[in-house]
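Residue numbers (my numbering), protein chains in the order written: chain A, 1 to 421; chain B, 1 to 365; chain C, 1 to 296.
Note that these hints are calculated values from the structure, not bench results. Keep in mind that the hints are not guaranteed to be accurate.
[Unchecked claim] Quick list of the computed label-pair ranges, beta carbon to beta carbon:
1) C:I282 - B:V26: 53 to 59 Å
2) A:A242 - B:E172: 55 to 61 Å
3) A:G189 - B:A107: 37 to 43 Å
4) A:G267 - C:A278: 32 to 38 Å
5) A:D325 - C:L8: 56 to 62 Å
6) A:F411 - B:G90: 54 to 60 Å
[As the list claims (entries may be wrong)] If we take Cβ atoms under 7 Å as the criterion, some of the chain C residues that face chain A in the derived model are:
7) P61
8) L64
9) A65
10) I116
11) G124
12) D125
13) V127
14) G131
15) P132
16) R158
17) Y159
18) G163
19) T210
20) P211
21) S251
22) D259
Ideal Cβ placement from N, Cα and C applies to all residues, glycine included.
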Amino acid sequence: MNHRRQAVRGLAAALAALVALTAAGCSSKAKSGDGKQTGAGGVKTGEGVTDGTISLGALTDMTGVYATLGKSVTQSQQLYVKQVNAAGGICGRKLELTVRDHGYDPQKALAAYTELEPKVVGYTQFIGSPFVAAVKQRVDAQDKGLVLPQAWSASLLGSPYIRVLGATYDVETINAVDFLLKEKGLKAGDRLGHVYFEGDYGENALKGSKYAAGKAGLTVVEQKIKPTDNDMSAQVAALKQAGVKAVVISAGPRQAASLVGVAAATGLRVPVVGNNSAFAPQLLGTQAGPALEKMYWFASPSLPIGADTPTAKKLVAEYRAAYPDDGLDNGIVAGWTAASVFGEALKKACLDKDLTREGVDRALLSLNAHDAGFGMTHDLGDPTAPSSRESVIIQPDKSVPGGMRTVRQPFVSDAAKTYTP
Amino acid sequence: MSETLRSARLRAVPTRAYAWTAAGLVLAVLPFYLDRFWLQAGLFAMAAALGALGINLLTGATGQLSMGHAFFLAVGAYGYCAFAGDGTDGLAGLGLPGWLAAVLAVALAGLAGGVFSPIAGRLRGAYLGIATLALIFIGQHVLFNAHDLTGGYNGRAVPPLTLFGLTFDDSELLVAQVPFGAVEKLWYLGLALLLGGVLFARGVLRGRPGRAMNAIRDHRIAAGVMGIPVARHRAAVFVLSSMYAGLAGVLLALVFQRTVPEYFGMALSLEYLAMIVIGGLGSVAGAVAGAVFVSLLPQLLTRYSDALPLVSAPGTGGIAPGEAARYLYGAAVVAVVLFLPGGLVRLAARTPETPKSTEPSGEAR
Amino acid sequence: MSTFAEFLINGVSLGSIYALIALGFVVIFRATEVVNFAHASLLLAGGYVTAVLHDDIGFWPALLAGVAGAALVGAAVEFLVMRRHRGGDHSVLAIVTIGVDILLATELTRRIGTDILALGDPWGDAVVTVGPVTIAETRIAALLAAALLITAFLLAFRYTSWGVAMRAAAERQETAALMGIRLGRVSLGAWAVAGGLAAVAALFLTVFPTPGLERATSLAALKAFPAAILGGLDSTTGALVGGLLVGVTESLATGYQGDLAFLGRGIGDLAPYLVMVAVLLIRPAGLFGTKEPARV
Numbered sequence: 001m002n003h004r005r006q007a008v009r010g011l012a013a014a015l016a017a018l019v020a021l022t023a024a025g026c027s028s029k030a031k032s033g034d035g036k037q038t039g040a041g042g043v044k045t046g047e048g049v050t051d052g053t054i055s056l057g058a059l060t061d062m063t064g065v066y067a068t069l070g071k072s073v074t075q076s077q078q079l080y081v082k083q084v085n086a087a088g089g090i091c092g093r094k095l096e097l098t099v100r101d102h103g104y105d106p107q108k109a110l111a112a113y114t115e116l117e118p119k120v121v122g123y124t125q126f127i128g129s130p131f132v133a134a135v136k137q138r139v140d141a142q143d144k145g146l147v148l149p150q151a152w153s154a155s156l157l158g159s160p161y162i163r164v165l166g167a168t169y170d171v172e173t174i175n176a177v178d179f180l181l182k183e184k185g186l187k188a189g190d191r192l193g194h195v196y197f198e199g200d201y202g203e204n205a206l207k208g209s210k211y212a213a214g215k216a217g218l219t220v221v222e223q224k225i226k227p228t229d230n231d232m233s234a235q236v237a238a239l240k241q242a243g244v245k246a247v248v249i250s251a252g253p254r255q256a257a258s259l260v261g262v263a264a265a266t267g268l269r270v271p272v273v274g275n276n277s278a279f280a281p282q283l284l285g286t287q288a289g290p291a292l293e294k295m296y297w298f299a300s301p302s303l304p305i306g307a308d309t310p311t312a313k314k315l316v317a318e319y320r321a322a323y324p325d326d327g328l329d330n331g332i333v334a335g336w337t338a339a340s341v342f343g344e345a346l347k348k349a350c351l352d353k354d355l356t357r358e359g360v361d362r363a364l365l366s367l368n369a370h371d372a373g374f375g376m377t378h379d380l381g382d383p384t385a386p387s388s389r390e391s392v393i394i395q396p397d398k399s400v401p402g403g404m405r406t407v408r409q410p411f412v413s414d415a416a417k418t419y420t421p
Numbered sequence: 001m002s003e004t005l006r007s008a009r010l011r012a013v014p015t016r017a018y019a020w021t022a023a024g025l026v027l028a029v030l031p032f033y034l035d036r037f038w039l040q041a042g043l044f045a046m047a048a049a050l051g052a053l054g055i056n057l058l059t060g061a062t063g064q065l066s067m068g069h070a071f072f073l074a075v076g077a078y079g080y081c082a083f084a085g086d087g088t089d090g091l092a093g094l095g096l097p098g099w100l101a102a103v104l105a106v107a108l109a110g111l112a113g114g115v116f117s118p119i120a121g122r123l124r125g126a127y128l129g130i131a132t133l134a135l136i137f138i139g140q141h142v143l144f145n146a147h148d149l150t151g152g153y154n155g156r157a158v159p160p161l162t163l164f165g166l167t168f169d170d171s172e173l174l175v176a177q178v179p180f181g182a183v184e185k186l187w188y189l190g191l192a193l194l195l196g197g198v199l200f201a202r203g204v205l206r207g208r209p210g211r212a213m214n215a216i217r218d219h220r221i222a223a224g225v226m227g228i229p230v231a232r233h234r235a236a237v238f239v240l241s242s243m244y245a246g247l248a249g250v251l252l253a254l255v256f257q258r259t260v261p262e263y264f265g266m267a268l269s270l271e272y273l274a275m276i277v278i279g280g281l282g283s284v285a286g287a288v289a290g291a292v293f294v295s296l297l298p299q300l301l302t303r304y305s306d307a308l309p310l311v312s313a314p315g316t317g318g319i320a321p322g323e324a325a326r327y328l329y330g331a332a333v334v335a336v337v338l339f340l341p342g343g344l345v346r347l348a349a350r351t352p353e354t355p356k357s358t359e360p361s362g363e364a365r
Numbered sequence: 001m002s003t004f005a006e007f008l009i010n011g012v013s014l015g016s017i018y019a020l021i022a023l024g025f026v027v028i029f030r031a032t033e034v035v036n037f038a039h040a041s042l043l044l045a046g047g048y049v050t051a052v053l054h055d056d057i058g059f060w061p062a063l064l065a066g067v068a069g070a071a072l073v074g075a076a077v078e079f080l081v082m083r084r085h086r087g088g089d090h091s092v093l094a095i096v097t098i099g100v101d102i103l104l105a106t107e108l109t110r111r112i113g114t115d116i117l118a119l120g121d122p123w124g125d126a127v128v129t130v131g132p133v134t135i136a137e138t139r140i141a142a143l144l145a146a147a148l149l150i151t152a153f154l155l156a157f158r159y160t161s162w163g164v165a166m167r168a169a170a171e172r173q174e175t176a177a178l179m180g181i182r183l184g185r186v187s188l189g190a191w192a193v194a195g196g197l198a199a200v201a202a203l204f205l206t207v208f209p210t211p212g213l214e215r216a217t218s219l220a221a222l223k224a225f226p227a228a229i230l231g232g233l234d235s236t237t238g239a240l241v242g243g244l245l246v247g248v249t250e251s252l253a254t255g256y257q258g259d260l261a262f263l264g265r266g267i268g269d270l271a272p273y274l275v276m277v278a279v280l281l282i283r284p285a286g287l288f289g290t291k292e293p294a295r296v
């Protein structure tokens, strides 16, 4: 018995000693320097940048609930990278985009962030605002890489590294209500229905509609729904009962289609206006299509993909060539805008000879009039504000590429100007 | 006991002891070599293993189907935040020391299981399974709506745990030139918790309670006739299983550094069921093996998607890594039940176990 | 009052769809005592076949094809998977159906991708107005279809040899087998029938007022779980009553969420489960389920 114990102990001690030695000596994790150096062209580099490449990450959802958005955003960003590389890259280096699909699963999202973190300068895309919130602490305190989330919630504002591009949901909703007031006959004393998703998006939008309603003397009738609700009959009946004169919907495309379809069929003939995420061109092919074209509008933080700008036309042509089977939607614009903002920041950082994360962050803060080619200028100087408060109002229209026609050019309503989130 | 038998046992023990020591040492040095991604994946697997141990006691050993496991994980995770939080973020918090908060969170999860036991004790099989599904929906509703407690959709930050003067956060600690951040430190905490959890579950299963549980699973009425207090045992196992889930929840919260309501949905409950079926129902090693398999598989596929045939990078068409992981995981559940009744642990067992019953499961193929 | 009537009728029509789905659970449970968690993907399969074919062969043939397709998938699941493990623990079998569901759902969502598929039904967005209440024609069709199918099943269970065999198998598998009932055939038939029912339910779930079939459609099957349990997993009548109860509860809880705001908004999804738990506390086998005789 004693003999055996001794043997075990001896072995354990020997192994432990061996381990301690190797740990101290050969672990690649052992600390040596801060990882920053000066590379080709006298440019300071850090994580994710070598003499030949600049690595970027994209944390997307292509198999979960935001698959529609994720696919468009990712493909559009891959197209951007291809174009930049064809034109010689940035700072003499090729861009490299590593995509990780988290399927809207928090565990996979965090894992993907952790995996790419040591390898990339920053993230051109991060879908899922709860996950962005989950890594916020790490981004702010240690990692300090730029993250451009594909979510427009005001709760994401405030970090110098996590930057929201375009109007947040609350601002967008205020602008949408302004459109109803100015052009659709909504007036003080009226009731305004608001159907919204449980969660970040819907509740942030509700804040906006309540603010706008307070300014204009409207009463908001709330209807909260879940992403799994696809049939809006009960909501329409309740709104009809409440006597609403217009409806705002902050939900997904399916809910918007159901709401408008049911409202049209049951005689609730009031204008319905949605947020940017509450429309997908695929809807025009469904039974709700005609009703949508008649009584539905939505607000968007940029011109639609079918806009009449040189960038838009070029992007549409190239996207169609690269992904002939896929439809055109505003996810492409969002992806393109984010990638181009990141690219612009990299170019600026290159001029300053500093491609470290700090250098890129600094460069981004100095971008105060970036035009991504979709009618908006983005001011990234203030981390506590969205990069723009402008919205456009779009009407679904089958006859236009992407199924969207701009009915009101970029504007900021008076209420949105004075609004502080 | 005969002399030959004894000496055989003496000889067998050292080899096993060596194997365990070696495995333990390997696990102990991993934080010196692996990067954060792998350590984090390992921690997810450890937390999953703790949760799987709990549900294996309930579903595997006692035969009570539960689809509400994720709810108890949520109770553990959010309970820890509420007990340990100091209220500076505007959310309810008692500001208790971390270790006490963790203990209380586990107790709270057990209490939640106890509150549900009037239902758990009365229902069987499918009815219990779907009744526990209600817990998921109730849990999600509360997590999303009780803003002051849960922080709503964006969740709440998890206060780091401090134990014996060591804080499990990202403040750097140099050990043999290797910087230790949150995951490196938590790795050892996770190992310790898992070891404790495994030993306790083994004790339960090998002792009287374990035999009673198996009797309830296999012949409920006979067990009752033999004097086993069936309802009490079932309620007790439900509480114990909830406590395991609560502990897993606390560990997960510490790794995530933020609790998000989205995580604690039905998919998570189903994952736990898949783990124990894949690993081996009613077995401690099976729970651990299944947990490791289910939680590491998607990570491996995503990470090495470029190198794998058939699997293509996202955005290029074809099967995405996320989908491939789901195919494999679904197929694993089906295949294990069909071809490997008893789960992965049967593969590892040196001697094939003689079939205990005349179930046609094995020969049907 | 008229709003209440509208909520009620909405609830009943929605509930009839849940009843169809719940009936699928019940049929399989009666024959094999297994809860089929793969029902959601059978539903998606049926809907998908209908959606893909309706342009080429017209709506009614496409619907038939959808029913046949889903029945085939159901039968295949039984033949390839469930049969190999017959006699095993019912909990294990239930978990196997979860595995099957993951496989099928992954394949189908991959095929559907980001599309929203129309099913090409003849009703469109037509509505019928009775006094102050409007109801979609699709929902009337759903109600009629559910009533018809459920009556048919009640009769079939009672009077056909298949129904009698199924009842015998549910009562006691071994005895039934000894008496010459082919258990394999009974359970194969049950799975096929459940698949067909799921396809019909898929149709009514994806037509107006919902925009069409897409990857998340199958989530609606979750609402049929409380319906099936509420009524009693082995009761056909229970499926109907449970379905209607869930539909009405959901519709009322949603419609009056303004008055229920103290419980947190968006209670509509949760309400059916709360009703279910309350019922189970009083009647552990559901409203119409067979009470288990053994009590120790």
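Does C:P132 pass the interface hint, meaning its C-beta sits closer than 7 Å to a C-beta of chain A? Violated. Min distance 10 Å.
If you take the shortest Cβ to Cβ gap from C:P211 to chain A, is it below 7 Å? Holds. Min distance 4 Å.
Minimum beta-carbon distance criterion (7 Å), C:G124 to chain A: Result: holds, 6 Å to nearest chain A Cβ.
A:A242 versus B:E172 beta-carbon gap, inside 55 to 61 Å or not: holds, 57 Å
Interface restraint verdict for C:I116 against chain A (beta-carbon cut-off 7 Å): holds, 5 Å
Proposed interface contact between C:V127 and chain A, which counts if any beta carbon pair is under 7 Å: holds, 5 Å
Supplied distance hint 56 to 62 Å, evaluated on CB atoms of A:D325 and C:L8: violated, 45 Å
Range hint 37 to 43 Å: satisfied by the CB atoms of A:G189 and B:A107? violated, 54 Å
Does C:S251 hold up as a contact with chain A if the rule is Cβ-Cβ below 7 Å? holds, 5 Å
How about C:D125: closest beta carbon in chain A under 7 Å, or not? C:D125 check passes; min Cβ-Cβ to chain A is 5 Å, inside 7 Å.
Interface hint for C:L64, Cβ within 7 Å of any Cβ on chain A: Violated - the Cβ of C:L64 stays beyond 7 Å from chain A, reaching only about 21 Å at its closest.
Supplied distance hint 32 to 38 Å, evaluated on CB atoms of A:G267 and C:A278: holds, 37 Å
Of the numbered hints listed earlier, those contradicted by the structure are 3, 5, 6, 7, 8, 9, 14, 15, 16, 17, 18, 22.
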